[in-house]
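Student: One-letter residues, chain by chain:
Number of protein chains: 2
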Amino acid sequence: MNRIIFIIIIGLFSQLATSQHTLSKKYNLMPWPQEIQENNSKFKIKETLTLVILGKDSEGRVQKAATKFLRRLAERTGVFIDTGFPVKNPKAAIKIDFQTVSDLTIHQDESYRLNIKNDEVLIQAKTDVGALRALETLLQLAMHTNSENYFPGVTVQDTPRFVWRGLMIDVARHFQPIAVIKRNLDAMASVKLNVFHWHLTDDQGFRVESNTYPKLQELASDGLYYTQAQIKDIVKYASDLGIRVIPEFDVPGHASALLTAYPELGSKDNYKYSIERYAGVFNPTLNPIKEETYVFLENLFTEIAPLFPDAYFHIGGDENEGKHWTENKEIEKFKKQQQLKTNHDLQTFFNIRLEKILKKLGKKLMGWDEIMTPTMPTTAVIHSWRGTNEGLQSSTLIEAAKKGYNTVLSNGYYIDRLLSVKHHYTVDPIGDAVLTKEERTRILGAEATMWSELVTPLTIDSRIWPRTAAIAERYWSAKEVNNIDDMLRRLEKVSLYLEELGITHIRNKDVILRNMTKGKDISSLTTLSNICEPLKVYSRNKGGTEYKSFSPFTLFADACVVDAKDAVIFNKNTAKFTDTNDIKSYSIINAYLVRWTENHEAFLEISKNPILQPLKPLSKNLAAVSELLHTSLQTKKITQEEVDQCKNDIKQLTKPFADTELVIVDALQKLLFYCEAKYLIKQ
Amino acid sequence: MNRIIFIIIIGLFSQLATSQHTLSKKYNLMPWPQEIQENNSKFKIKETLTLVILGKDSEGRVQKAATKFLRRLAERTGVFIDTGFPVKNPKAAIKIDFQTVSDLTIHQDESYRLNIKNDEVLIQAKTDVGALRALETLLQLAMHTNSENYFPGVTVQDTPRFVWRGLMIDVARHFQPIAVIKRNLDAMASVKLNVFHWHLTDDQGFRVESNTYPKLQELASDGLYYTQAQIKDIVKYASDLGIRVIPEFDVPGHASALLTAYPELGSKDNYKYSIERYAGVFNPTLNPIKEETYVFLENLFTEIAPLFPDAYFHIGGDENEGKHWTENKEIEKFKKQQQLKTNHDLQTFFNIRLEKILKKLGKKLMGWDEIMTPTMPTTAVIHSWRGTNEGLQSSTLIEAAKKGYNTVLSNGYYIDRLLSVKHHYTVDPIGDAVLTKEERTRILGAEATMWSELVTPLTIDSRIWPRTAAIAERYWSAKEVNNIDDMLRRLEKVSLYLEELGITHIRNKDVILRNMTKGKDISSLTTLSNICEPLKVYSRNKGGTEYKSFSPFTLFADACVVDAKDAVIFNKNTAKFTDTNDIKSYSIINAYLVRWTENHEAFLEISKNPILQPLKPLSKNLAAVSELLHTSLQTKKITQEEVDQCKNDIKQLTKPFADTELVIVDALQKLLFYCEAKYLIKQ
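Chain order of the listed sequences is A and B. Those letters in the first sequence? Residues 2 to 684, by the working numbering. Those letters in the second sequence? Residues 2 to 684, by the working numbering.
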């Protein structure tokens with residue numbers, strides 16, 4: 002290569018990289034697009050704005066999305082857009098063009114080009130779904146000055162990194178009504194997720210109406226299930242958003258509810274199956290050696306499968322220890338006859354039969370990674386969920402791809418573990434793995450998983466969002482888009498856009514707090530909740546027996562969220578102050594310490610209520626520690642007695658309170674060390 | 002009568018009256034029951050609480066309600082009730098007994114008796130629906146000390162004053178999804194309303210799926226309609242709550258949407274009918290002289306009527322000026338032939354034909370009071386909506402009852418007029434009218450009406466609630482239950498109970514404000530919104546042409562609510578202070594004046610946004626007036642110049658800002674008069 006050209010190219014690249022970084026501070030896009038360039042123009046959002054669909058919109062997806070786009074734009078900006086529907090006039094200012102209607106398979110094309118100029122916005126895409134993705138980008142670009150709303154002049158060229166970008170919602174542990182599903186589908190589409198994995202059955206409930214086996218809804222759902230009409234409605238709703246729906250019917254384990262309805266299919270005779278009320282891994286398991294089991298599943302799937310047009314069908318297959326198999330002599334005998342050495346081999350036997358049933362129905366079998374046994378055919382799709390937390394060296398994803406399976410990753414994206422958004426954002430599906438082109442192609446993508454043991458319709462949104470928006474960026478955007486501060490800045494804006502779509506992650510916090518104070522002033526609880534996070538990694542419900550499915554989820558922990566906002570600020574400033582004595586940080590810290598000192602009195606005012614009693618020691622010790630640190634930092638003095646007292650109080654604060662943890666404890670500790678090191682009065 | 006006995010009886014009565022008044026300060030019941038007595042016991046709400054249904058619950062209503070009761074009780078109190086479903090054990094602590102299952106007609110018995118003792122709660126009712134009403138009373142009685150939750154020992158004997166206690170929701174002007182309807186049904190049941198009047202069609206949309214006439218949903222709904230499965234679901238949901246559903250198909254006027262789909266049924270040939278986007282009274286009207294019109298309606302109603310098991314069927318019939326009739330020569334000719342003098346006579350001709358169709362379908366015709374013409378048979382039910390606002394001397398209710406019609410009142414209960422709860426609460430359906438027993442019986446009850454020109458799913462709850470809870474009390478409780486302060490105190494609590502049921506009247510305010518500030522601090526807007534109310538009596542949308550159905554309803558006015566809470570306090574205290582120089586009132590006033598003075602700076606911080614510009618003069622003038630009044634009250638001085646300036650500023654504040662009115666203007670004026678009278682410095 003000519004050296005000069007080479008230098009120019011390198012120059013262009015680094016310029017592009019810099020400019021991308023500058024742009025990502027300016028525009029609230031998430032996921033960040035593959036390419037974006039400014040063009041010095043400005044499209045004003047005015048009453049006269051019109052929009053035309055140029056592509057042949059035979060599915061009606063763009064008509065719906067464009068109409069919603071006009072509503073959302075009007076509602077966000079307050080502009081009274083005079084023409085509330087797409088027009089037929091090809092000269093309309095916003096033009097949406099696309100070539101074909103997507104078939105909504107994993108190979109659908111979602112790429113698009115968006116060009117915003119002074120008097121025209123042009124969207125071009127291969128498919129209608131690509132056009133939908135572009136509309137979401139456009140909406141995120143809406144900006145304003147003091148006096149006008151506008152789209153900035155940019156050209157965006159975009160396409161996803163992974164074809165499978167999903168969110169799983171478990172509706173078995175806690176049923177989630179249609180409205181919850183729909184608003185989450187809207188939110189998913191807004192951040193370009195394209196797979197809704199619907200975990201429909203588990204020990205705690207079977208949530209689908211069956212005409213063939215009506216006892217499923219009658220006896221195994223507590224009356225909380227989706228009718229087939231509702232399922233069709235959801236699938237259509239998702240399709241309109243360019244989202245595929247993958248149903249999951251978890252077998253042969255996680256079957257307590259199913260076996261409550263049809264105990265004759267269980268692995269233990271005369272066992273009293275009942276809908277499970279606790280969380281955990283349970284023993285009720287389908288009997289894999291009874292022909293009736295396969296007849297049942299074939300009939301059921303034959304009835305259910307047509308409701309779900311997608312080619313993929315998830316059969317769960319996880320966490321089956323086979324305890325009831327081992328306890329059943331007939332099953333043990335069968336294993337010997339069939340030379341199935343372990344229960345895992347028996348499960349593979351079961352899975353292979355299932356795959357044949359599904360194949361007849363035109364479906365591809367997908368299952369959690371336990372199904373990946375040596376004899377399992379590579380036609381199955383492996384859903385990788387286990388990793389280091391389960392004692393493995395890494396996730397099973399790369400192994401699956403190398404073994405020839407198509408595969409999807411969820412390890413690292415278990416949002417119900419309530420870890421920081423940073424954690425999930427930094428999990429790259431492929432990471433540094435060295436893969437052949439074929440192996441890389443087999444990694445379809447990834448899914449965030451919202452297990453619902455500890456969430457209800459009141460709280461589920463605050464467990465999914467906004468973190469899943471950042472995860473969606475991980476799935477869509479280039480691997481190199483990984484600046485955390487930048488992501489956090491954009492996420493704050495995107496969080497508000499999610500609220501527009503009806504997501505309740507912000508608004509329902511106060512609902513819980515108002516119930517706790519019975520209408521009294523909630524501000525002291527708000528103050529506490531902004532530095533407390535719900536216990537992580539399932540420690541809130543150790544052993545699964547503290548909470549039943551019908552226990553109250555209207556407690557302090559339910560009002561708290563991950564990445565507690567005041568804690569984030571306080572911890573950051575404490576680190577800065579103790580490292581560099583930064584004065585601005587000091588004043589921020591100081592304001593917090595004063596607030597927390599004074600908060601206890603306000604808390605006592607409103608806390609005459611049993612539901613608030615568990616918070617009293619937290620509030621009290623926090624006030625004591627804050628007051629002491631505040632005074633010490635102000636007076637630049639601290640006695641040994643005070644240090645000891647403060648250490649003791651901080652120790653109290655390390656304990657969980659009301660199923661939450663105070664996530665500023667380390668920072669308080671750090672401040673105490675600072676005071677002790679600098680201001681200790683030698684006596 | 003023996004004089005001593007007479008005195009004792011009088012004594013008992015006055016004692017009862019006093020004690021009722023004392024009790025209503027103690028218990029958060031709404032509607033207030035007919036009888037309540039304390040019995041000095043206390044039923045503790047503990048983990049071990051169990052509940053049994055003793056009556057034969059063949060419809061499953063009580064099972065559902067009791068299960069929900071357990072959830073709601075756990076969620077409100079935070080008590081981990083260990084048994085989450087009704088048990089079979091007749092010794093369970095809460096016993097629910099009833100004799101029969103309600104047929105859900107207007108004559109159903111909803112009475113109940115509730116007896117709370119130390120270790121037992123006993124509910125007794127004639128019907129399952131009566132038992133449901135009792136469960137709501139019980140839930141409202143839940144109280145707590147610092148350390149425990151309990152039901153107070155009381156005996157309640159209760160029955161409604163009116164058999165028809167309704168809420169109408171208009172889903173035509175703005176479509177309301179299933180989730181909105183369901184949560185409002187829950188809320189209705191919680192305050193013992195028993196009729197959901199579903200205004201399903203109007204100029205702006207036809208919201209019901211028809212298989213016979215599919216163009217109705219295809220061309221007349223913008224894709225926003227209920228499927229028949231969804232309608233069945235809602236009707237069942239309502240039935241489970243003991244709520245009857247009355248559908249309204251508004252004919253022959255209010256027919257723009259219907260005629261968009263089937264223009265051949267219109268009164269004007271070659272007229273280009275289209276779905277109406279504005280609000281108001283429009284001319285498109287069914288053609289009453291075409292046989293096809295009746296064939297259409299008969300076919301449609303034959304298809305639709307079975308979805309609604311209730312005997313009553315509302316045909317609207319309001320606001321038909323008959324302009325298109327007069328303009329149609331054939332129709333004029335027909336009128337002459339049939340000796341129908343006026344268009345009202347022609348409409349009666351139409352209504353009588355309709356009544357025959359409905360009768361065949363087993364339905365009773367109900368219509369707005371325009372249908373009450375001299376020739377209309379008394380088999381029709383008159384829905385009285387017009388009154389003094391429409392130039393009448395009083396509502397048409399008493400007239401209808403006297404003429405022999407069964408009748409329901411809505412005049413005085415138009416909650417979309419955005420008047421104070423006090424206004425609606427003081428409207429008694431019968432008032433001082435002198436009626437015979439028969440006439441009284443014909444007054445079935447009343448309905449609050451939520452017309453939806455200016456509400457969306459985001460805001461509708463805040464327009465219905467909490468005011469409708471007080472209205473529900475007017476319909477259920479004795480006429481003598483009419484103390485406004487007492488009602489307001491209880492309403493504040495009931496408002497929180499409504500929030501538990503998913504009603505968004507409180508939470509969605511901040512959603513709107515967050516959108517307006519784009520995530521910046523909303524407190525300055527909150528301050529303003531707590532003293533501003535949306536323009537009343539349809540003056541927000543004069544002539545119906547400012548807002549189209551797809552205009553943004555995410556504006557400041559949409560965040561504001563009736564009975565703005567700080568205004569209520571400020572106005573009350575200003576009155577007290579200017580009358581009596583009350584010091585406590587002064588300090589409250591003073592705190593508000595300081596807050597409003599300082600608020601402007603905070604407002605300027607966040608207002609760099611087009612959507613907030615209309616509020617700037619409000620914020621600024623309010624700050625100026627507040628500062629001046631504050632200073633004058635403090636220094637006990639005011640100059641003529643200041644008085645003039647302040648008068649001028651107050652004058653500015655009397656204008657609407659951003660479709661709201663500042664509802665403290667009179668109080669500010671009063672304070673200025675006070676200062677002027679007392680502190681004017683003679684120069």
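Hints listed in this document are in silico derivations from the structure and should not be mistaken for laboratory results. Please note: incorrect hints may appear among the correct ones.
For identical chains, the list gives no copy identity; a pair is met inside one copy or between any two copies.
What the hints assert, rightly or not - No more than 25 Å apart at the CA atoms, straight line, and that leaves these computed lysine-lysine pairs for DSS-like:
id, residue 1, residue 2
1, K69, K357
2, K566, K521
3, K621, K573
4, K357, K183
5, K403, K69
6, K438, K216
7, K683, K45
8, K26, K679
9, K183, K233
10, K96, K334
11, K637, K43
12, K269, K27
13, K652, K65
14, K27, K521
15, K648, K573
16, K652, K361
17, K26, K337
18, K183, K273
19, K577, K342
20, K273, K89
21, K573, K423
Student: Does each hint hold? Answer for all of them.
Tutor: Results for each hint:
no.	hint	verdict
1	K69 - K357	neither (42 Å within a copy, 43 Å between copies)
2	K566 - K521	both (23 Å within a copy, 14 Å between copies)
3	K621 - K573	within (24 Å within a copy, 37 Å between copies)
4	K357 - K183	neither (33 Å within a copy, 42 Å between copies)
5	K403 - K69	neither (43 Å within a copy, 51 Å between copies)
6	K438 - K216	neither (48 Å within a copy, 52 Å between copies)
7	K683 - K45	neither (67 Å within a copy, 55 Å between copies)
8	K26 - K679	neither (38 Å within a copy, 58 Å between copies)
9	K183 - K233	both (12 Å within a copy, 20 Å between copies)
10	K96 - K334	neither (68 Å within a copy, 52 Å between copies)
11	K637 - K43	neither (54 Å within a copy, 55 Å between copies)
12	K269 - K27	neither (62 Å within a copy, 56 Å between copies)
13	K652 - K65	neither (56 Å within a copy, 47 Å between copies)
14	K27 - K521	between (40 Å within a copy, 17 Å between copies)
15	K648 - K573	within (21 Å within a copy, 51 Å between copies)
16	K652 - K361	neither (61 Å within a copy, 78 Å between copies)
17	K26 - K337	neither (64 Å within a copy, 75 Å between copies)
18	K183 - K273	neither (36 Å within a copy, 36 Å between copies)
19	K577 - K342	neither (59 Å within a copy, 88 Å between copies)
20	K273 - K89	between (64 Å within a copy, 18 Å between copies)
21	K573 - K423	within (14 Å within a copy, 51 Å between copies)
In summary, the structure is inconsistent with hints 1, 4, 5, 6, 7, 8, 10, 11, 12, 13, 16, 17, 18 and 19 from the numbered list given earlier, while agreeing with the others.
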